[in-house]
Amino acid sequence: MAYSGFRSGIIGWGAYIPIYRIKARDIARQWGFDERITDSIWMEEKAVAGTDEDTVTMGWYAARSALMRAGVDPRDIGAVFVGTESKPYAVKPSSTIIADALGISTKKLSTDLEFACRAGSEGVRLAVSLVESGAVKYGLAIGSDTAQANPGDVLELTASSGAAAYLVGPASESVAVFEGLVTYVTDTPDFWRRDGSRYPTHGEGFTGEPAYFHHIVAAVNMLMKELGLKSSDFDYAIFHQPNGKFPLQVGRMLGFPKEKVLPGIVTPWIGNTYNASALLGLAKVLESSKPGQRILVAPFGSGAGADAISVLVTDKVLERVGKAPTVEELLSRKKYISYAEYAKFRNLIYRNLG
Amino acid sequence: MKHSISIFWRLKDNHYKIYVTKCRDCGKAAAFKRLRCPHCGSQNVEHLESRGLGELINYTVSYYRTEGSEQYLPRVVGLVRLDEGPVIVGEITDVDPNELSASTRVEAVLRKYSSDDPNGLIYYGLKFIPIIKR
Numbered sequence: 001m002a003y004s005g006f007r008s009g010i011i012g013w014g015a016y017i018p019i020y021r022i023k024a025r026d027i028a029r030q031w032g033f034d035e036r037i038t039d040s041i042w043m044e045e046k047a048v049a050g051t052d053e054d055t056v057t058m059g060w061y062a063a064r065s066a067l068m069r070a071g072v073d074p075r076d077i078g079a080v081f082v083g084t085e086s087k088p089y090a091v092k093p094s095s096t097i098i099a100d101a102l103g104i105s106t107k108k109l110s111t112d113l114e115f116a117c118r119a120g121s122e123g124v125r126l127a128v129s130l131v132e133s134g135a136v137k138y139g140l141a142i143g144s145d146t147a148q149a150n151p152g153d154v155l156e157l158t159a160s161s162g163a164a165a166y167l168v169g170p171a172s173e174s175v176a177v178f179e180g181l182v183t184y185v186t187d188t189p190d191f192w193r194r195d196g197s198r199y200p201t202h203g204e205g206f207t208g209e210p211a212y213f214h215h216i217v218a219a220v221n222m223l224m225k226e227l228g229l230k231s232s233d234f235d236y237a238i239f240h241q242p243n244g245k246f247p248l249q250v251g252r253m254l255g256f257p258k259e260k261v262l263p264g265i266v267t268p269w270i271g272n273t274y275n276a277s278a279l280l281g282l283a284k285v286l287e288s289s290k291p292g293q294r295i296l297v298a299p300f301g302s303g304a305g306a307d308a309i310s311v312l313v314t315d316k317v318l319e320r321v322g323k324a325p326t327v328e329e330l331l332s333r334k335k336y337i338s339y340a341e342y343a344k345f346r347n348l349i350y351r352n353l354g
Numbered sequence: 001m002k003h004s005i006s007i008f009w010r011l012k013d014n015h016y017k018i019y020v021t022k023c024r025d026c027g028k029a030a031a032f033k034r035l036r037c038p039h040c041g042s043q044n045v046e047h048l049e050s051r052g053l054g055e056l057i058n059y060t061v062s063y064y065r066t067e068g069s070e071q072y073l074p075r076v077v078g079l080v081r082l083d084e085g086p087v088i089v090g091e092i093t094d095v096d097p098n099e100l101s102a103s104t105r106v107e108a109v110l111r112k113y114s115s116d117d118p119n120g121l122i123y124y125g126l127k128f129i130p131i132i133k134r
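Line by line, the protein sequences give chains E and Y.
Number 255 in this note's numbering belongs to position 255 of the first sequence; there are no gaps in the numbering.
Number 6 in this note's numbering belongs to position 6 of the second sequence; there are no gaps in the numbering.
Note that these hints are calculated values from the structure, not bench results.
Heads up, the beta-carbon is just placed ideally off N, CA and C, and yes, glycines get one too.
Treat the hints with care, since some could be wrong.
As the list claims (entries may be wrong) - The following label-pair restraints were derived from C-beta to C-beta distances: (1) Y:Lys-33 <-> E:Leu-109: 25 to 31 Å; (2) Y:Asn-98 <-> E:Ser-231: 48 to 54 Å; (3) E:Gly-103 <-> Y:Ile-5: 20 to 26 Å; (4) Y:Asn-98 <-> E:Gly-134: 52 to 58 Å; (5) E:Val-154 <-> Y:Glu-49: 42 to 48 Å; (6) E:Leu-109 <-> Y:Ser-62: 39 to 45 Å.
Claimed, not checked - Within a straight-line C-alpha distance of at most 25 Å, the following computed BS3-like cross-link-like pairs (lysine-lysine) qualify: (7) Y:Lys-12 <-> Y:Lys-2; (8) E:Lys-323 <-> Y:Lys-17; (9) E:Lys-260 <-> E:Lys-230; (10) E:Lys-323 <-> E:Lys-334; (11) Y:Lys-17 <-> Y:Lys-133; (12) E:Lys-92 <-> Y:Lys-12; (13) Y:Lys-2 <-> E:Lys-344; (14) Y:Lys-133 <-> E:Lys-334; (15) E:Lys-316 <-> E:Lys-290; (16) Y:Lys-133 <-> E:Lys-316; (17) Y:Lys-17 <-> E:Lys-107; (18) Y:Lys-17 <-> E:Lys-87; (19) Y:Lys-17 <-> E:Lys-108; (20) E:Lys-108 <-> Y:Lys-12; (21) E:Lys-334 <-> E:Lys-23; (22) E:Lys-92 <-> Y:Lys-2; (23) E:Lys-323 <-> E:Lys-290; (24) E:Lys-245 <-> E:Lys-334; (25) E:Lys-323 <-> Y:Lys-133; (26) E:Lys-323 <-> E:Lys-137; (27) E:Lys-260 <-> E:Lys-316; (28) Y:Lys-17 <-> E:Lys-92; (29) E:Lys-245 <-> E:Lys-230; (30) E:Lys-334 <-> E:Lys-344; (31) Y:Lys-12 <-> Y:Lys-33; (32) E:Lys-87 <-> Y:Lys-12; (33) Y:Lys-133 <-> E:Lys-23; (34) Y:Lys-33 <-> Y:Lys-22; (35) E:Lys-87 <-> E:Lys-107; (36) E:Lys-290 <-> Y:Lys-133; (37) E:Lys-260 <-> E:Lys-245; (38) Y:Lys-12 <-> E:Lys-107; (39) E:Lys-87 <-> E:Lys-108; (40) Y:Lys-133 <-> E:Lys-335.
Isolated chain E (complex conformation) (with noise of 0.2 Å):
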């Protein structure tokens, strides 16, 4: 059921971007591909996390970022998910470190979630759920990543490092009310790591049509249907962004204006941030809209799935945006490095130790 009832809503956010920068350029010429591929695909750099950042030092910053913003007391928040395909431990959790270094309660639901990029929209849609049912006062749902790319695949020119924070909470409280949720799964094929491997595989033809595309557009069009509503009835439109085109190739298919996608573009300038993508875009949307507009997100995770959410932005957004960095001013925040050192920060490198 898509319908929430306005019962729930988004009452902090918060954004990471680590500092330093790689040219997509750099990397197509380090491997030897054709340089206009980066054009092709709207990839101009991406960004790095530095030596001593991870999924937990990232999406703890973003969620402090949400907190900050909420106001709220961290003891009163009963759940924390953590959507990543970055884990630091495979066992072990990420929310636990990351709920302890916050001040958060110790009596809530925490756990990481795994559903390639769209773990983290899922964490949303639970903390909604708890919410809603009256569980917890206050869920956090976190989407950090180191994404990892093969040395000289292409995905190496998107794959980066971000994070995007959501504290949900009572509607009465809340910058943006949730309208409608709703998600669209399959088994699909179209990227996959296997476990032990240290980097990604992708099946070729199955990454746009039958799985981007295809589930995005579904997810979507189910929204709508369910809640009664058409593109014109939406001021802006988030996708999950693995390239700078893609986004604006499914807005096409689905009848919003470029106008309306462009204001959430982020992985140009910042690369795919995997479970912060279409977050981060949300995030640097809220941060400029004004109170009763309607903004879609739409996630994608590959496997696949893809979730649609509508929200309604009210009168209080606009005193929160302030209170902790924006996205624009972590996209302003950047140093250059070369492949080299991109290789050293990314663990690369092999080096004997001791």
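Position chain Y relative to chain E; hints supplied.
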């Protein structure tokens, strides 16, 4: 240097947060949780969580290698005056030491400090970065 997992776990709260002891008698503040005010000796103190914001007073660059932290070298170690008053020692990250200057505004962030080995525990704690504009 091999870390003690139990010591790290017991001190976890002090790795994840910066505390300040505020004296209710003399009004002065000191770094960390203390039972007694180091300025006047009073036990009439309260413990507050620092907002993690401050100013870099000075810094040095360390190339000293310890086991489990090789990949983070060189380290920039600074003296930070917290907005609450006390001065603490902290690692400054995300910076090029050649471009850093004293009086830089900084904020505390959670980062990795070290790891026992590729299969061992990862040690997280607070470091400082130049404040992100807000």
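Going through the hints against the structure:
1. Checking the proposed 25 to 31 Å range against Y:Lys-33 and E:Leu-109 shows it holds: the Cβ atoms sit about 30 Å from each other.
2. One distance hint, 48 to 54 Å for the beta-carbon pair Y:Asn-98 and E:Ser-231, holds here, with the actual separation near 51 Å.
3. In this structure, E:Gly-103 and Y:Ile-5 meet the distance hint of 20 to 26 Å, their C-beta atoms being roughly 22 Å apart.
4. For the pair Y:Asn-98 and E:Gly-134, the supplied restraint of 52 to 58 Å holds, since their beta-carbon distance comes to about 56 Å.
5. Against the hinted window of 42 to 48 Å, the Cβ-Cβ separation of E:Val-154 and Y:Glu-49 comes to about 46 Å, which satisfies the hint.
6. A hinted range of 39 to 45 Å holds for the C-beta pair E:Leu-109 and Y:Ser-62, which are about 41 Å apart.
7. Note on Y:Lys-12 and Y:Lys-2: the hinted pairing holds, with a Cα-Cα distance of about 17 Å set against a maximum of 25 Å.
8. Restraint check for E:Lys-323 and Y:Lys-17: the C-alpha separation of about 20 Å stays at or below 25 Å, so the hint holds.
9. For the proposed pair E:Lys-260 and E:Lys-230, the alpha carbon gap of about 14 Å is at most 25 Å, so the pair holds.
10. For a cut-off of 25 Å, the pair hint linking E:Lys-323 to E:Lys-334 stands: about 21 Å separates their Cα positions.
11. Taking the CA atoms of Y:Lys-17 and Y:Lys-133, the gap is about 21 Å. The hint holds against a cut of 25 Å.
12. For the hint linking E:Lys-92 to Y:Lys-12, the alpha-carbon distance of about 16 Å falls within 25 Å, and the restraint holds.
13. Restraint check for Y:Lys-2 and E:Lys-344: the C-alpha separation of about 23 Å stays at or below 25 Å, so the hint holds.
14. Distance restraint check for Y:Lys-133 and E:Lys-334: the Cα-Cα separation of roughly 12 Å lies within the 25 Å cut-off, and the hinted pair is therefore satisfied.
15. Restraint check for E:Lys-316 and E:Lys-290: satisfied, since their Cα atoms lie roughly 10 Å apart, inside the 25 Å limit.
16. Between Y:Lys-133 and E:Lys-316 the CA atoms are separated by roughly 22 Å; this keeps the pair inside 25 Å, and the hint holds.
17. At roughly 20 Å between alpha-carbon atoms, Y:Lys-17 and E:Lys-107 fall within 25 Å of each other, so this suggested pair holds.
18. A distance of roughly 23 Å separates the Cα atoms of Y:Lys-17 and E:Lys-87; the hinted pair therefore holds under the 25 Å criterion.
19. Note on Y:Lys-17 and E:Lys-108: the hinted pairing holds, with a Cα-Cα distance of about 20 Å set against a maximum of 25 Å.
20. Between E:Lys-108 and Y:Lys-12, the direct Cα distance comes to roughly 19 Å. Compliance with the 25 Å bound is thereby established for this hinted pair.
21. Distance restraint check for E:Lys-334 and E:Lys-23: the Cα-Cα separation of roughly 12 Å lies within the 25 Å cut-off, and the hinted pair is therefore satisfied.
22. As the CA atoms of E:Lys-92 and Y:Lys-2 are separated by approximately 20 Å, the hinted pair is consistent with the 25 Å bound.
23. Restraint check for E:Lys-323 and E:Lys-290: the C-alpha separation of about 17 Å stays at or below 25 Å, so the hint holds.
24. For the given pair, E:Lys-245 sits about 23 Å from E:Lys-334 by alpha-carbon distance, which is consistent with the 25 Å threshold.
25. A C-alpha spacing of about 11 Å is found between E:Lys-323 and Y:Lys-133, which places the hinted pair at or below 25 Å, so the restraint holds.
26. At roughly 22 Å between alpha-carbon atoms, E:Lys-323 and E:Lys-137 fall within 25 Å of each other, so this suggested pair holds.
27. Between E:Lys-260 and E:Lys-316 the alpha-carbon distance is near 22 Å, which keeps this suggested pair within the 25 Å criterion.
28. A C-alpha spacing of about 21 Å is found between Y:Lys-17 and E:Lys-92, which places the hinted pair at or below 25 Å, so the restraint holds.
29. With a CA separation close to 23 Å, the supplied pair E:Lys-245 and E:Lys-230 stays within the 25 Å bound.
30. Using a Cα cut-off of 25 Å, the hinted pair E:Lys-334 and E:Lys-344 holds, with the two alpha carbons roughly 18 Å apart.
31. Distance restraint check for Y:Lys-12 and Y:Lys-33: the Cα-Cα separation of roughly 13 Å lies within the 25 Å cut-off, and the hinted pair is therefore satisfied.
32. Taken as a hint, the E:Lys-87 and Y:Lys-12 pair is honoured in the structure, with Cα atoms around 20 Å apart against an allowance of 25 Å.
33. In summary, the hint linking Y:Lys-133 to E:Lys-23 is supported, as the alpha carbons are separated by about 24 Å, within the 25 Å threshold.
34. The suggested pairing of Y:Lys-33 with Y:Lys-22 holds, with an alpha-carbon distance near 9 Å, which does not exceed 25 Å.
35. As the CA atoms of E:Lys-87 and E:Lys-107 are separated by approximately 23 Å, the hinted pair is consistent with the 25 Å bound.
36. For a cut-off of 25 Å, the pair hint linking E:Lys-290 to Y:Lys-133 stands: about 23 Å separates their Cα positions.
37. Proposed proximity of E:Lys-260 and E:Lys-245 is supported: the alpha carbons are some 15 Å apart, at most 25 Å.
38. Only pairs whose Cα atoms come within 25 Å are accepted, and Y:Lys-12 paired with E:Lys-107 is accepted, the gap being roughly 18 Å.
39. Simply put, E:Lys-87 and E:Lys-108 have alpha-carbon atoms about 20 Å apart, close enough for the 25 Å limit, and the pair holds.
40. A hinted pair counts as satisfied when its Cα atoms are at most 25 Å apart, and Y:Lys-133 with E:Lys-335 qualifies at roughly 15 Å.
Consistency note: the structure conflicts with none of the earlier hints.
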